[in-house]
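Protein chains: 2
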Amino acid sequence: MEPEGDSLAGRTFKKGDSFILDFGGHRTGHLAFRLETVGREPDAPARLRLTFGEVPSDVAEPLYPYNGMLSSAWLPDEIVNIDYLPQAVQLPRRYAFRYVKVEVIDTSSGFSIRFEDVKAIGLTSAKAAPAPLPPKYSDLARRIDAVALATLRDCMQTTFEDGPRRDQRLWVGDLRLQALANYATFKQNDLVKRCLYLFAAYRRQDGLVAACVYEKPKARYGGIHIVDYAALFNVALADYLEATGDEATARELWPVAKRQLEIIGQRINTDGRYVDPGNVWIFIDWAPDLHKDAAVQGLLVFAHKRTLDLARKLGVQAEVADYPALIERMTKAARGYWDASAKAFVSGPNRQVSWASQAWMAIGGVMPARDCATALKTAFSRADAVKPVTPYLYHYMVEAMLDSGLDKEAKALVESYWGGMVKAGADTFWEVYDPAKPLSSPYGDIHINSYCHAWSCTPTYFYRARGMVA
Amino acid sequence: MEPEGDSLAGRTFKKGDSFILDFGGHRTGHLAFRLETVGREPDAPARLRLTFGEVPSDVAEPLYPYNGMLSSAWLPDEIVNIDYLPQAVQLPRRYAFRYVKVEVIDTSSGFSIRFEDVKAIGLTSAKAAPAPLPPKYSDLARRIDAVALATLRDCMQTTFEDGPRRDQRLWVGDLRLQALANYATFKQNDLVKRCLYLFAAYRRQDGLVAACVYEKPKARYGGIHIVDYAALFNVALADYLEATGDEATARELWPVAKRQLEIIGQRINTDGRYVDPGNVWIFIDWAPDLHKDAAVQGLLVFAHKRTLDLARKLGVQAEVADYPALIERMTKAARGYWDASAKAFVSGPNRQVSWASQAWMAIGGVMPARDCATALKTAFSRADAVKPVTPYLYHYMVEAMLDSGLDKEAKALVESYWGGMVKAGADTFWEVYDPAKPLSSPYGDIHINSYCHAWSCTPTYFYRARGMVA
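Protein sequences, first through last, are from chains A and B.
Numbering that gives the first Met the number 0 numbers the first residue of the first sequence as 0 and each following residue consecutively.
Numbering that gives the first Met the number 0 numbers the first residue of the second sequence as 0 and each following residue consecutively.
For the record, the hints were derived by calculation from the structure and aren't laboratory data.
Possibly wrong hints are sitting among the right ones.
Identical copies carry no separate label here, and so any pair may be met within one copy or between two of them.
[Claimed, not checked] In silico DSS-like links for lysine-lysine, alpha-carbon gap of 27 Å or less:
1. 118 <-> 217
2. 118 <-> 215
3. 118 <-> 192
4. 217 <-> 13
5. 386 <-> 126
6. 13 <-> 407
7. 13 <-> 215
8. 14 <-> 217
9. 14 <-> 215
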């Protein structure tokens, strides 16, 4: 690895040569350099292969053969031809990278090339970074916070992207977590507002919010729906009003929020239980064996409560006069998932105990905090409990712990989970991190994983907004 | 092969699919298309491999493994990523092509792509094309003329390029032939003037004209010298004055012309013989076994005569008062290459008979036209005579035949040689064509050959300016 440009000074490269640059930190942005020549007048183009790495394995291991399920067009490599030399080169595409592997496919036998003024040009819509955590926090906590801030910064572009390397899309679930972290840090609140309006503008014909929207080449409907994400749109809107006091926006988007629960409510039976029709996507987490009935029940109780709260703040509670009774029925149905002997919420025919179920039931507040704390501790201590594989669900586990008075456990979980990524060298937090299987991918090939991912940026929120102790 | 866009209408392409477009004629320029999608909202970039073909073998045969001596960076293939779909795409690089092979490396499993409004955007600095040859010319002659015009048109950019596919450089030898064809057709005389000034501006320290100059990213010295090309600079300047009457330019560049023969003259001995020092490049042709002493002697006689003629037209013959005697000595030395028993000029210790030697001695007019005609016929009929491999030397063979009264033989040679390329399907004339070895390359791999090359454009000059008969 070559520290940023330094050791390239004076070095020349020919056909077959290669080197790896290390920019010392993660960037979303462009690569630029001046390509100079040594030897005869340059009499051919220079053809280069560039591989952009967020982590060392991206550039240290071959990307091919690629075995993943997602499009190989996302792999971060590129062949470029520079016709006229010497030349200042700025690659037009945007990449997410700390490392760049440069392979010289060919120049001509008559000349070599030199790379000068090699630069990573970072792009973000985040403004001034907040001060680091004060020294009363541990070194690890301070590092976790800094990495979380870098993650958020590099995902903040013209929307809150899920990840700058791949997808680059605005998803509801990611947006909610990024917005929470943003309110506590960069306070770029207009970006949250822009994203809320994008979701409101590009919905399904019946009004359901899409799980994601696309922004380029022009803003448009994302075509995918996730039940829990539609419900979380309302939570994100309620969060926004709380953080900004911007009633005008909340009022304008209120009908969208109301419509989400009308549509989802069609699948809540008279007993208050959400019945999974089997043909809709409930996300919660990528853990493959997770049974989701209990988790989504807890999540929907939470979404109804926050939506009712939003209605009250806007003075439109008359429009949702049925909510209090509905929430009561749903809460009762949620308690039906409780297994007193297991001291946990269970889901499905195999009475599965998972972190997801306990987390969302606790956040939904379907039982007293003390009982929810017991449930969380049960799941946390049982080896057979289904654990999360994404930082997204780890977030909700920590949120649930904080809601249930388990401050010490929450802190320990942040330090072991996000701290685990830090100890593994993370500059930004990852899309997927399973401490038991650190080289796993939900997509069949780790080279397609994102290593800067929106939904893993919330430790800074816990430290700065939720009073997580030093 | 798909005729220009037509049969793409309504067809969709996925990972692994490919097709070949045929634009029906050669272009120097850009490729543009609109990339539309079918299926789910496009959730990944499209990665395409494009291969640009001047001739079918460029796109029908794999380019790799590549065995040529020239840089593989010239191979006309390209991998492009189109991030945001749908998208209007215009590839930034310029290519030389009639055919384009498009391979879809990947999209995503969710969508296919369609190509709409596929366009080749031709670039040339040639203006209105002259009328085709009249019907009194044979179909073959008319076709040869049209292909020569297309060749010249596609090489006429901001300079007279040697070939738009590769090199893309301005060479003296190519310039002279393109300028001759241009005076008889497009009459874009300012482009010739620009090229003459480029050569004058970027010379070796002692004033020797470079064999080529570069124009991009900025005009600069080419670093390569060819004895015959430096001498032909003078011929090109004399041609320019004759064609345009632009005395001001000829006068300004006269010192450059004079300097060429001063430098080259240092190697002409007291007997008038040019002595090859062995460490300079004499081009004449790519034929590997060619002995060049005789040819370069004839060429230099010609260059001195034309330079003297130029001096007279400019009224500066006093500056070259030694030329008449020098030309006489050189002519006498040239006659020393004559072998009376062979009825041909011979070169080298093996007394080699080549087309090159006879052609340049004839053009130099070192013997009466009748004897030169005999020499040309000798070479033409002897199986062991070294033949040209480039259209460049074929041009000078035809020029020599016309100079020597062999009009019928000249016409037959144009029709068999350039006509051979036409019959092989040429849309533009090639850099290299050896009828005996049509798949040969001077560079070790035919995929690096150019199939639109400046020095093969002169049949139109023979028909239109040299009175080649119908």
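We went through each hint and held it up to the structure:
no.: 1; hint: 118 <-> 217; verdict: between (29 Å within a copy, 24 Å between copies)
no.: 2; hint: 118 <-> 215; verdict: both (26 Å within a copy, 24 Å between copies)
no.: 3; hint: 118 <-> 192; verdict: neither (33 Å within a copy, 41 Å between copies)
no.: 4; hint: 217 <-> 13; verdict: between (41 Å within a copy, 23 Å between copies)
no.: 5; hint: 386 <-> 126; verdict: neither (36 Å within a copy, 72 Å between copies)
no.: 6; hint: 13 <-> 407; verdict: neither (57 Å within a copy, 52 Å between copies)
no.: 7; hint: 13 <-> 215; verdict: between (38 Å within a copy, 21 Å between copies)
no.: 8; hint: 14 <-> 217; verdict: between (40 Å within a copy, 24 Å between copies)
no.: 9; hint: 14 <-> 215; verdict: between (37 Å within a copy, 22 Å between copies)
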